[in-house]
Every structure is written in C-alpha cells, then in structure tokens.
Amino acid sequence: MIKTRFLSNLLLSFIWLAITGTFTFQNFVFGFLLSFILMWLITTNRREEKYYSRGPKLIGFVFFFLYELVKANLQVAYDVITPSYYMEPGIIRIPLTAKTNLEITLLANLITLTPGTLSLDVSDDRKVLYVHAMYVKDKEEFIASIKNGFERKLLEILR
Amino acid sequence: MNEIIIFILSTAGAVFILLAAIGVVRMPDLFLRISVTTKAATLGIGLILVAAAVYFQDTAITSRVLAIILFMLLTAPVGAHMIGRASYFTGVKMWIKSRHDDLKGKYDPKTHKLSSEDTPKKIPKT
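As you go down the protein sequences, you meet chains P and R in turn. If you're matching positions, the first sequence starts at 241 in this note's numbering and goes up one per residue. If you're matching positions, the second sequence starts at 640 in this note's numbering and goes up one per residue.
Honestly, the hints are just simulated from the structure, not real lab data. No residue lacks a Cβ here, since even glycine has one placed at the ideal position from N, Cα and C. One or more hints might be untrue.
[What the hints assert, rightly or not] Partial selection, computed: residues in chain R whose CB lies under 7 Å from chain P:
id : residue
1  : 682
2  : 685
3  : 738
Using the sequences plus the hints, can you model the full thing?
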C-alpha cells in the first residue's frame, strides 16, 4: 500500500510541475508537500494508513539522529582535548527487538555512526548485539537509552 | 550571509577532523581509536561538503554532495565494524580501565559461532 501511495504522490507532484511550468527543485518539493496534504485530506480511514504518519516520523528521525550525532561528537571532542580521561569503556550486550536483516543492519549502522559507540557483532541466532561503548555509567541505563532511543524510533518507521 | 554560513560550516568540519586526528594519538586502545576517528571524520567531511554545496549553489554539485554524504554514512560504519570485530576476535586487548566485557568467552574460534547467552562478567577494577 505504501508504494502505491508514494507513487500517486509523485504523480500528483509531477502534474503540479507540468501545470505550473517551472521545473525547479523548490517547486517540486512544494508540489510534493501539497499533494501529500491533499491525499491526507481525502483519505477516509487515516488511522489505518501508515503512509501519512511515516513521512513526518522519518523527518523527525533524521533530525533526532543529527542531534545525537553532534551531541556525542562534542562529548568525545571534550574528552580528546582535555588531559584527563572521563571514559568508562566496555562491551555491552544489547538484546535486540529488531528481527529482519534490514532492521538489524540499519540499527547497527546507526549505533556505529554515533561517536562513542561501535557495534562489534551480532550473535548467530540474531538475539543480541554486542556494542563497544565509551561512556557506560550504568549498564542498564545504557541499554535502555539505546532501546528507547534508536531502536524504538527505527522500528516505528520500518514496521 | 552566505560567507558566514560557509565560514562556520567549513571551520567546524576542519576542527572535527583535527580532533579525530588528535584522538588517534591520545586514545588508549584500538576500539576507542576507531570510535573516535570514523565518526568525527564522517561529521567533519560532511560539514565541509555542505559548505562546498552552499558556496557553489548549483544543483549538479548539491546532488553530488548529497550522494557522497549518503554513501559515506552507509560505508564508514561497515568498515569500522569489520575492523573492530576482526581485532577483538584475534585477541587485541582492551584498555585496562574498561569496565564491562560481555563478549568474553562468547566466541568459539573453532566453529566461528557466537552465542547470545547472558553470563555477566565484570572486569575487576584495578
């Protein structure tokens, strides 16, 4: 269902481009947003259509990820330039809720991309992800922060 | 206005790359070095590329910048993950002040199987 929704959204925005006659990227984005809102307006059972909640969530996730990236980078940078170490590194075992290949790959990639954490391996039965982290004040707290932050948000988008 | 944006972005990018370079020298073990370098370098290169896109303000260059950033975000973690994994399993020691090591004893070098059982082991603080 999501693919057909997305394709009709694209079709509507190309129609908008053809009608307005200005083939610029800005106009395409505007047409896409306009047709998104129009399609949202004419849908009868909005709660069952995931396409409309997923788009805004994806944008929100991108900003959440950028925020985490900059925050963690600053924390690591502070540790690099000051003489004493504040690190408490360790390898942590994180139980996975994600099941499919795509979900686990994306989650491991995202964890590796934030500084201070590095995903080392996934167990053979895909139940556990081993992560090397720089700042482990409390083990349970760290696991909860990964599970409630990246994993929950990622699964909300993918499922 | 554009000059200020370019100035801020490119300076921040260069600073992050510099910090990554200092991190390589200062960090005590391999895992921390990987953690510091790959990501700080990714963010730094990304910021410099965005600064280039703002400078040229050209669709062809902007789309190329977006493509480069996308592929960097896809490939950099895979490289870091493979280096980290291989070096742990070939027996690279962790920093002496490391607190937890949940991966200890989980890997079977004969069969290359990695188990997922929960047997918490704490490295005694020295």
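Hint by hint, here is what the structure shows:
1. 682: holds, 5 Å
2. 685: Since the shortest Cβ distance to chain P is 9 Å, the answer is violated.
3. 738: This interface hint holds because 4 Å falls under the 7 Å limit.
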